[in-house]
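Following the hints, position chain B against chain A.
Line order of the protein sequences matches chains A and B.
Mapping to the numbering used here: the first sequence position 351 is 351, numbers consecutive.
In the numbering used here, each residue carries its 1-based index in the second sequence increased by 419.
No lab work stands behind these hints: they were computed from the structure.
Be aware that one or more of the hints could be misleading.
[Unchecked claim] Lysine-lysine pairs mimicking DSBU-like chemistry, simulated, CA-CA at most 35 Å apart: (1) A:Lys49 x B:Lys526; (2) A:Lys101 x B:Lys609; (3) B:Lys970 x B:Lys1018; (4) B:Lys1011 x B:Lys970.
[Claimed, not checked] Residues from chain A that keep clear of chain B, each with C-beta distances beyond 10 Å, as calculated: (5) Ile16; (6) Val45; (7) Ala59; (8) Gly62; (9) Leu106; (10) Asp138; (11) Val144; (12) Leu157; (13) Leu210; (14) Val220; (15) Trp237; (16) Val250; (17) Glu261; (18) Ser396.
C-beta atoms are modelled at their ideal positions from N, C-alpha and C, and glycine is treated no differently.
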Amino acid sequence: MEYQEKLKIDWWTVVIYLVIMFFGWLNVYAAGYSEAHSSIFDFSVQHGKQFIWIVMALALAGVILLTEPRLFSNTAYAIYGFVMGLLVLTLFLAVTVNGGKSWIDLGFFRLQPSEFAKFATALAVSKYLSALHIEMKDMRTQIVVAALIAIPALLILLQHDTGSALVFVGFILPFYREGLSGAFLIIGVAAIALFVLALLVNKYILMGVLAVVALLYLFVWLNKRSGRIYWRTIGIWLCCALFIFSVDFVFNNILESHQRERIDVLLGKTEDLRGSGYNVNQSKIAIGSGGFAGKGFLGGTLTKADFVPEQETDFIFCTVGEEWGWLGSSTLVALYAWLLLRLIAMAERQRSPFSRIYGYSVASILFVHLFVNVGMVLGLVPVIGIPLPFFSYGGSSLLAFTILLFIFIRQDASKNQLL
Amino acid sequence: MSKQFSERSQVVRMIILVVAVIFVVRLAVLQLFNPKYKELAEMQSLRNVTQYPARGFIYDRHGKLLVHNEAVYDLMVIPRMVKNLDTAYFCRALGIERSDFDERMDKARRYSPYSASVFMKQISKEEYAKFENKMFRFKGFYISQRTLRIYDRPIAAQVLGYVGEVNQGDLDRDTYYKRGDYIGKSGLEKSYEEVLRGIKGRKMMHVDVHNREIGHYQDGRYDTLPVEGSNLYTTLDADLQSYAEELMANKRGCVVAIEPSSGEVLAMVSAPTYDPNLLVGRIRGKNYMMLNSDIAKPMLNRALMGQYPPGSIFKVAQSMVALDLGVINPGSGFACEKNLVGCHNHPSARTVQEAIKMSCNPYFYQVYRRVIQQGKYKNIYKDAQYGLTVWHDYMLRFGFGQKIDIDLPKSGMSSGNIPDTAFYNRWYGKEHWAFSTIYSNSIGQGEVTVVPIQMANLAAIVANRGYYITPHLVRFYGADSVRDEQYLVKHETGIDRRYFDIAAAGMYDVVHVAGGTARRARVDGLDICGKTGTAENYGNDHSVFICFAPKDNPRIAMAVYVENAQGGGGTWAAPIAGLLCEKYLNGEVKRKDVEKMYKEINPCQKLPLTRRVKKAKKKR
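The following block holds chain B by itself, in its conformation from the complex:
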């Protein structure tokens, strides 16, 4: 080996040695000579405390508080730090059994002997006061302040949603959450989770031998303050919401009310509902099981999740499409030929306005035939394909056949069904269907289904004479009043507003003129415009009504669904809608007798609610 290379070998050895020496010296600095770390050697006396921010409040459109918080206390334990505990005394102070204590300690130890876990959850202020002054005797235990949701008025449960402990999926998805944290599980609590939750803070505290926090470690250099959650300012009108829930008591169904000019949802009711206070605190688990197993599905938001045949209400949209296509004109008349499709007894309609008022089935059979079979192709199958494609496109512009982009969690939301050519080709085979196969759509039966909020939106479209703003529940949030831009966009149907004037006039007649189907929606002094519908269904038909009021410059548009009600839309849904319009527009309801009647009545009282559904399920 030449001298040169052995020198080089020495250089490499030197490099290795120098690095090793640097490491050993650095270790000595960290471990032996640095007081900063020596202090930390007494880690036993430090406590890492998470500070939970208060969740944001939720307000209604007039600034009334819907959801706020209450302080509760979690008793935390770090099992390794529990020393010299007088267990009997401790159990007495907390009011628990010895066996219970052992069980809780075991659980905490299994999670981790070194890090904090919850020993006892959600202790109220009063309970905490009883043993607060004894805490110094319980080494290894400390108190962590948490907040719980409180609902002063038990309304809008499905819209507000609830808060619950994070599950494994939440933990995997977002590292912000730690076991035992809370997260919005449904409703606005879920869709605005990141706005409402704020940011957790952390503090490292010195703890003395008596288990008292004596100060911040290193003057709080390692501490972060929690950032409070932002408040949500919703579009809901708490009084209207509450009133609608009272009216829908003893019934199944839903109500969606929208301010047409802004798309703001004024009320969204799904009946039966529940008291949101049931899903808070230590009682949550038990109540959740109860609500979840209830056959009437009180936690379901029917306004968004239900799918129903639109029934006669669909005729309003059909007439707009046909007028815009020019296949009929406002003065078109069709005879009420009951051999085409069944109808009730009424004179034949001579205009579109009359047809809407009387809800004449054969009339809209003819209208839909003209839309589907426009005569563009000689082959009727090809012609029907063309017509259906055009119609389908219109329906999408009305917001049908797609999930409404409301600011609630999308999961479980229905999109409704507007059949397109692909749908029928799959069903019947290509060129094996034409108008005669699909005519049921004309009167809102057949393959068409819609979601209640889409129907309320249809009312808003007519109210606006041709456009809608996507319905939404939050106006703005936080101290900076953040608004979502997408809820300022007008979605145009592209149909001339003159035609919508005709629809509005027809809907006015429905409520006000002899022969209209919804005279029961009438309220003196309010020119309510509406349209009834009967959604055929297994079991009894659903009673449906959409309306808006006043006729000019409307301030409210809504859809009311009463499930399995005997009688059509005019019998149940219309009078409820009338009461709601009166409440919202006049501020109070004068017709106390009517109000009392509809609050108490149960439209399917012949059978108890739960049995009915069981029967219906068997039928399917």
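Chain A on its own, in the form it takes in the complex:
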């Protein structure tokens, strides 16, 4: 064997992973609980199936830990190519579930290739960026990595799975870490802020306020009257103006009607409590009714009585909120935060750039999922259907997240050998 050194598995990460996964399973069980299927090992219902997925995920994790350490960096492009092929195939073979076309029916199992695209893309991006003489600051590099994430994102968009496509935005964090200008982050946040403001506030007032801010910046803070900074500020202001006026067009012509409604609901412009606002409102009631300590395991009434749609998958967090209260749900958020921060710390201690970039990618993908999913349930983000990692019901997502995480744990376990 090439590597003699004992594997140094980061057990804390594994423990957090296990805790989240089993807590998730308990909540899937609670969300679908009925006395007819009260056995926890009833394989005809969702929690029973989820148990099978958990067993499979653990087996898969074990297998990944036993692989040769360079396996994934050597086969990164091949895996990427294979999964992209699957995504293309999905476009032709997909069965429609809830309006999305992202499932291939394998008879015994519905495979959702978009879930696997995440770790495949992470591998390919890490492989590319870790090559010698590749600098994140180069325009060329930026274009290539943009293409690497755009291909799966577009293929998934074609499957009408906006949520999963959005996840790829998360790669901006590893890019930033590797040297992408911070301006991209700032522009991104500013664009979202302007988009929201443009929908809420009169556009001319908004531009006026921006102009005042720019003038204050130029004359009061900097106190300069000429030079490049002057022109640049005007340029930025014009770009903002253009952006603000394009918002209406994008909102009305590019977004689909249900997406428009969800944004309107989020911004409080409409309160369609029985239509598009129904899910979020019901989920807020369910969570709110949990109070400080919750109603206790299996004690939830709202999430049981089918008030909250999709309660086992995308809205599973409601069950946590209702049955485990503020204490339980905050603990879960804290667990995720701990996991993410730990992953960042692990990524920083890698000696090989491939492992580091991959570690950041893992953390970022999980982060976007957490942000969008919990944000949606709490009414902070428009309704976008993506699962809560390791937690929501679903075989493809659990297996794919496990692969994503354990490839990194594997890399980390022999970090001293990998350069």
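Frame of chain A, contents of chain B only:
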């Protein structure tokens, strides 16, 4: 690690931390500080009640009520909320046994301990009154008001259809429905389900410790009012329908009557029929089993689902086709050569009008031969193919060979059969058939089958002298009087109306002139035009009659089928049609003796109805 990159690592960590803190704070706002959600923490005191809208009423063409509703009560239970129940007292109040109570509770618990299910269905107003004032003692139980269909006159059962509980298929197809909801299962109830059903409402109610609804949660912000179902205004004439059903009592068969100028169905009877009140409420299940297993198939709408050989009536359509093609003219005469095809004794027909009156088989044998073998090709097989294609096209324009686009559920409806070249090529092989193989079609036997409503439509076509409007049962619905545009369209046969005048004259003679086959349809003062038919069949022949009246500006066209009746169309179907015309056009029937006779008579009385069919089935 350079300083720059460790700074960047800190930025990423900050982003994660900030988001986590935002979430925890947001959770605190929702769960700890917001009174709105705190109030909801007492979910136990809220009840989500579905409000069922009343189903739309159904009226006849004169505004007489055919179907309306009666309030009943479902006793609902949310098993988890049942607390401190005095079970014995509860059972006494409801008049049920303890074991029954346990069984119902178990069922409700199995469905879901947290959501409402029906504990006892369809409690009448009187029964409910007995324990209404005791409800406060039954925590976890509440009353949900539902409606049931009521039929003041037990008529038109197969047309109106019935309402029943949704099944799994309905639930999968449309998320509007929840388990225990009702849906139209057949007839107009099914085809106009979305018009009739309205929209369910919902209310969230505060419930006090005594299980009384004390008010709307948050002043009704989450409530929706139910939208009542729209009323259907049908084309049926309730009196004619009822009268036709009386006449068809003790018989098997059907009647379809249409107003030719509008295509509106005035009556549609399928005998034997049943009282639609049988399929309502708690007795529905038992009665459904009984009706469904009845060998006479009372739930079948024979007017749409039956397929029969058209018999002699088909000759009317044949003569129109031949005249339009120019292969004969109104004055064409053919000898009654019984060696070609059997016939009864009568003088040879000298004109088309006479041929229709006497229903001469050899005459129409000749007519059909000219249609099929037009002499366009030397090869007789090719010639027959050409002729049949032309004929087939005409038949489609008469509405034959396809499902009539009536506003009733299409499933189970027959299309009838008009054979085309592909049909015979499959049967005999290409160029292996010619007129001599298929001549039975000329007299409405052979491979041709039709559906009773298509025959009534044929009567309407002659009445209109060449066109029809698709028969339909609903004139308009709802407060806005919505009409279906497709029932305003005239479907032209493309045949000159002069020829239809000849057909009408021939049909007039059938009823009125010596030697006509349907003298029994005669009613003094009404110039009824008709045509008899005998549909050959295993068992005894079916007696068939189509007619319209009056001859000019007809107001009614109909087809009458009496199954397995001994004797031809003139014996049974024609006099029944005559009585119906009299009823509709004169408003009342003066010939009480005739009426009494045909109401009571059973044309196949030698054998009881059910045994006959068993025998017929064996024969097949």
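Okay, the hints, checked on the actual structure:
At most 35 Å may separate the alpha-carbon atoms for a hinted pair to count; lysine 49 of chain A and lysine 526 of chain B meet this at roughly 25 Å. Taken as a hint, the lysine 101 of chain A and lysine 609 of chain B pair is honoured in the structure, with Cα atoms around 32 Å apart against an allowance of 35 Å. Among the hinted pairs, lysine 970 of chain B with lysine 1018 of chain B is consistent with the structure: their alpha-carbon atoms are about 27 Å apart, no more than 35 Å. About 25 Å separates the Cα atoms of lysine 1011 of chain B and lysine 970 of chain B, which keeps this hinted pair within 35 Å; it holds.
Against the 10 Å criterion, isoleucine 16 of chain A stays outside the reach of chain B, whose nearest CB is about 14 Å from its own CB. Every CB of chain B is more than 10 Å from the CB of valine 45 of chain A (nearest about 13 Å), matching its label as outside the interface. In this structure alanine 59 of chain A is separated from chain B by more than 10 Å, as the shortest Cβ-Cβ distance comes to about 30 Å. Every CB of chain B lies more than 10 Å from the CB of glycine 62 of chain A, the least distance being 28 Å, so the non-interface label holds.
With a least beta-carbon separation of about 22 Å from chain B, leucine 106 of chain A lies farther than 10 Å from that chain, consistent with its non-interface assignment. With 10 Å as the threshold on Cβ separation, the claim that aspartate 138 of chain A sits away from chain B holds: the shortest Cβ distance comes to roughly 17 Å. With a least CB separation of 21 Å from chain B, valine 144 of chain A remains clear of the 10 Å interface cut-off, as annotated. No beta-carbon of chain B comes within 10 Å of the beta-carbon of leucine 157 of chain A; the shortest separation is about 25 Å.
Distance check on leucine 210 of chain A: its Cβ is at least 24 Å (rounded) from any Cβ of chain B, clearing the 10 Å threshold; non-interface status holds. With a closest Cβ-Cβ approach of about 28 Å to chain B, valine 220 of chain A is found to remain outside the 10 Å limit, as its non-interface label requires. At the 10 Å boundary, the C-beta of tryptophan 237 of chain A stays outside the reach of chain B, the nearest C-beta of that chain being 26 Å off. Distance to chain B confirms valine 250 of chain A as a non-interface residue, since its nearest Cβ pair spans about 25 Å, more than 10 Å.
At roughly 18 Å from the closest C-beta of chain B, the C-beta of glutamate 261 of chain A stays outside 10 Å, upholding its exclusion from the interface. Every C-beta of chain B lies more than 10 Å from that of serine 396 of chain A, the closest at about 23 Å, which supports listing it as non-interface.
When the structure is compared with the earlier hints, no violation turns up for any of them.
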